[in-house]
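> Residue numbers (full-length UniProt numbering), protein chains in the order written: chain A, 1 to 86; chain B, 1 to 86; chain C, 1 to 86; chain D, 1 to 377; chain E, 1 to 377; chain F, 1 to 377.
Be careful, since some hints might not be right.
Listed next, the stretches of chain A that the computed footprint assigns to chain F, with coverage defined by at least 3 CB atoms under 8 Å from CB atoms of chain F [what the hints assert, rightly or not]:
1) 7 to 18
2) 26 to 34
Some chain B residues near chain E, calculated using beta-carbon distances under 8 Å [what the hints assert, rightly or not]:
3) VAL5
4) GLU11
5) VAL41
To be clear, the hints were calculated from the coordinates, so they are not data collected in a lab. From the three backbone atoms N, C-alpha and C, an ideal C-beta is built for every residue, glycine too.
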Amino acid sequence: MDTAVADLLIEGLWLMAIGLGIVFTFLVTLVGLLVLMSKAVARWGPEETLPATTAGVHAVAPPKDDARLIAVIGAAIQAHRRRHRP
Amino acid sequence: MDTAVADLLIEGLWLMAIGLGIVFTFLVTLVGLLVLMSKAVARWGPEETLPATTAGVHAVAPPKDDARLIAVIGAAIQAHRRRHRP
Amino acid sequence: MDTAVADLLIEGLWLMAIGLGIVFTFLVTLVGLLVLMSKAVARWGPEETLPATTAGVHAVAPPKDDARLIAVIGAAIQAHRRRHRP
Amino acid sequence: MEALLTLWQSTGIANVTWRELLMLLVGGGLIYLAIAKRFEPLLLLPIGFGALLSNIPVAGMAGPDGMLGMIYHFGVETGIFPLLIFLGVGALTDFSALIARPSTLILGAAAQFGIFATLLGALALNFLPGFDFSLADAAAIGIIGGADGPTAIFLASRLAPDLLGAIAVAAYSYMALVPIIQPPIMRALTTKAERNVVMEQLRPVSRLERILFPLVVLCLCALLLPAAAPLIGMLTLGNLLRESGVVERLSRAAQNEIINVVTILLGLAIGSKLSGELFLTTQTLGILVLGAVAFSIGTAAGVIMGKIMCRLTGGKVNPLIGAAGVSAVPMAARVVNKVGLEENHHNFLLMHAMGPNVAGVIGSAVAAGVLLALVGS
Amino acid sequence: MEALLTLWQSTGIANVTWRELLMLLVGGGLIYLAIAKRFEPLLLLPIGFGALLSNIPVAGMAGPDGMLGMIYHFGVETGIFPLLIFLGVGALTDFSALIARPSTLILGAAAQFGIFATLLGALALNFLPGFDFSLADAAAIGIIGGADGPTAIFLASRLAPDLLGAIAVAAYSYMALVPIIQPPIMRALTTKAERNVVMEQLRPVSRLERILFPLVVLCLCALLLPAAAPLIGMLTLGNLLRESGVVERLSRAAQNEIINVVTILLGLAIGSKLSGELFLTTQTLGILVLGAVAFSIGTAAGVIMGKIMCRLTGGKVNPLIGAAGVSAVPMAARVVNKVGLEENHHNFLLMHAMGPNVAGVIGSAVAAGVLLALVGS
Amino acid sequence: MEALLTLWQSTGIANVTWRELLMLLVGGGLIYLAIAKRFEPLLLLPIGFGALLSNIPVAGMAGPDGMLGMIYHFGVETGIFPLLIFLGVGALTDFSALIARPSTLILGAAAQFGIFATLLGALALNFLPGFDFSLADAAAIGIIGGADGPTAIFLASRLAPDLLGAIAVAAYSYMALVPIIQPPIMRALTTKAERNVVMEQLRPVSRLERILFPLVVLCLCALLLPAAAPLIGMLTLGNLLRESGVVERLSRAAQNEIINVVTILLGLAIGSKLSGELFLTTQTLGILVLGAVAFSIGTAAGVIMGKIMCRLTGGKVNPLIGAAGVSAVPMAARVVNKVGLEENHHNFLLMHAMGPNVAGVIGSAVAAGVLLALVGS
Ligand code: NA
Ligand code: NA
Ligand code: NA
């Protein structure tokens, strides 16, 4: 049985070599493509008018509702202030 | 082959005649039914107390939340004003 | 046929007896377990710091949004008051 | 000419049978009850519409290749839809009142008497011509007395799929009629003094108790009555999602997305069992009568057990709350509250009735398990 | 060494065919149109992505064991996905404008002329080499003229599954192109005076009318054209959920959860039919050309019927609103409004165009039913 | 009497085996960890509950006709559930940090070393008695080192379904333990100076870049590694829905409805693989040990690659961020931030660690594709 296991282990080593090889090939190629992509966008892409995000961790809920909330509150306070005006 | 296609075309013409016929029959009958329905509702239906909508294009979100929002804000401003009272 | 129905009825009576028996056994046992559970929680459970609910009927929507709403409104009013200060 | 004949023969008018016409009326009637009378609209409206769709002549929507037939096959034959509804019910239900006063479980048990009495009634109907209910049929009919929609659908789909349409319609219709069926029975069986009993306020229930509750119920079910495990399991899972406080996302999904979407599909699927051949029978008439009997007996049994508990506790339990033991959450509890207030304007029984009310849900799930274990196979 | 060869042979580069490369470009093109040009992005983006996925060499995602293939089998072959979308469309659509002025249904009927004319066109293409459309194929192609995505997908999945990809792409692309295709036709066929016609304000519509409307439509469909029952049934169910006012939860589920989730899955499933062998054919070219023809003829037929109605009513109907009869809700109605405003800055036709616009949805569902009844099976 | 005996024999107590009792404890333990310790509750709670349900004696809920068994068959055997979760993950993930500094992909690659080292470790365990892992088993165990739940479930369901329960439990448990497993390794392998490295602020990323990113990743996957197409395809589709900005509805559906509903069902389905026969084996013990090893080696490999990059860039990269390359988003990035702050109170590494962190997700999906291509079939 032990020789069978040893054979498996050798196969596993091959797998590791090839597997890690592909993972690195893939991701290094991706690095290259992303660099090219960013350069292409910088040269030919449209000018961004919106403020771009610097980064962002799993931003789940868009802050849309808050925006609406604040707008409505703003309006309410405006109205309130008008009524209070001496 | 061309005669086969011609036969198909004739079949297609039949299909068109019958098809458009049914579509028109269906929709004209529906016009009649809707007119009857509206008359029946006008005569026997309950008096509407709520303001009926005149029309409305794909009104997706009911403005319920805004109502709640405005109610809460109203309450907040009431409370605020009470505290401000000289 | 009537004897067959009578046999069925007798089977049904058995079913009723056994069935109600199990239902009561189950629920009475559950009463015991719940009493034990509550005693165990009272003795060994953590002290509750949050106000516990007394009861509650199908409370579907948690009032989270309102809380946020009120917080935002509070902040808005604070800001408003600051601006108003003489 | 021939083409027009073919065409005519594909219309509904040329093919409609009187059974289909009657069933279209039945579907319309259910929709009317749902919209105009607000009879459990969340289910009766889709069921009624499903009845319309499945009785459109020629279309065959309830058949094995029709949309309703496929939904039925996929969601009801497998039992998955009623179980997912039960998951949502668990996530929507607060068991605090029950935890605070576990003895109300006895009321929930008593009200299940309606189930078994109706089972007997269904078997007795076999003495009449036109009725031929098997034991499984009778068990499925009896569960109407459980006053719990998904439980009734789950059991009926297992024991008597052909009766599913009538049973579901009866169950939801009578649940909607609880405010009419129950009060006279409650008044007849109780004295003025009993209806006046003011109950002690419920103690607060800690978060840990609410988390342990579903697990305790599930363990007991596993040990005593594995046949009820699917129903009790989904109910307790939903409740644990709710009470654990760590999976708010999943709790909301169970309370909204899952239950809403499944309700539409389940209603349509039940409608596919509302075909003329299955529904327009004397058996359906029997089921409708038995359903009303089931609710009445369940209510009475609950109230009588309430009276017993009132005696045993020296008048600390208002017998009216026993009526809530049939489940029909939260309608039955509200009815108790209303009848209580009629007698004493300051005696709010709502919270006290919630205990037996949710106990009734567990009770009928247990009863369904018993019936599955003893009659199913 | 051998292992490396095996490995190389499992890469996409070693296996890619020119067809797959072209289809990846097609997929990319659809995504570009969806994002940069906002061409019906809700469907063209998932369809385009589905095209990418199903043309990845070796992966076989569109095959019977691939994810897209399974989604197609489960949701499109059964017809369930387009029907659920139609449920959502019903729940999102307000038919008030149509109820207030039922005569606009005639405009919705006229615009279906595009469907049948295109059917003839598809058959005529068989005179050219490289085309071999059966009657069923031609019917599925014709439905593009209905300007209604789910209807087109439903019919194509029944009559010509191999053409589904091309038909869906054509239908949604031209729906996005409505603002470009329609105005010149509308201007060419109408006089200045006709475009200037100001219409009477619509009368208010009561809640009861809005509740009865879906039921009336369904009954008529059941009696006259059972073959259209699945489509009309789901549309009217959705609308009844919306208008009944008693099942807000279910209405919201149909408008959001169901339609959103199904849209993603449906788009991917359609993408699975965008393989090189099925799409890169002269037939697809024919379908794309015919689709544009279909929209144009439908628009023209609607406008001409509008002119007829204008005459018959003594100038009370603005013929422009006939163009909205192709459906493409609400885009076509907006186009009508815009063309009307060009002529007269105070003549808002939007509400008046909504009638024929939603009539067009019913009209093309009816036409689909006709084609199913006459050509299907 | 006989009836009572039959009844007794249908109870759980009469039928429960010690394996089932132990598994009920395991299920309870998982629920405890989920609620009390907040160990990945979104999945461990449903998994734990699924373990309870599938080990209820007699009920057979994990069997082919049981609810859990059917959900497993429908959603996990087909691979659809983990892929839908990946769709949601894509829609929830912001890849900006990675786009701004693509070189961090190398860190995500290095951390996958843990996967392959564990694969070897699993094979080496075969020297011990009681272990008999095939190459496919070993590959499925190795993927635990990818620290990515849906990837692990997807691969295990393809390569070693019998080990799925243990693998999923190990994967999620260790993901929850990241804050305990990683810091000592990170501190041991880095010098004080290295931990103090302050990194340049990330450049802003344009919307166009964020839209092109998923398409670039998908194209590379199509050309190099089609076997990873399902995972990478769903991840990038989700991300494109998010970043395209034109399908807000679909993006929200992927982030909420789909992921929440599927999470509940997936957890239950995995629980169906937590039966005594499959779980209470020495192999499970081996898997749990190997899982911890996998995480440790992955972390170490990431940190070491970080040190290399630190050298090569002349000290512009803080090696700590290499630890985030194992994925476990966003926990691992937070751990990096915390360890960094311990050394220097003003050195916020969170944003810098997000690059390798999301790179780790892509890295382990790629590794899964490699394993599927080389071992699967
Ligand atoms: Na009950
Ligand atoms: Na149309
Ligand atoms: Na990873």
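> Which numbered hints does this structure break?
none
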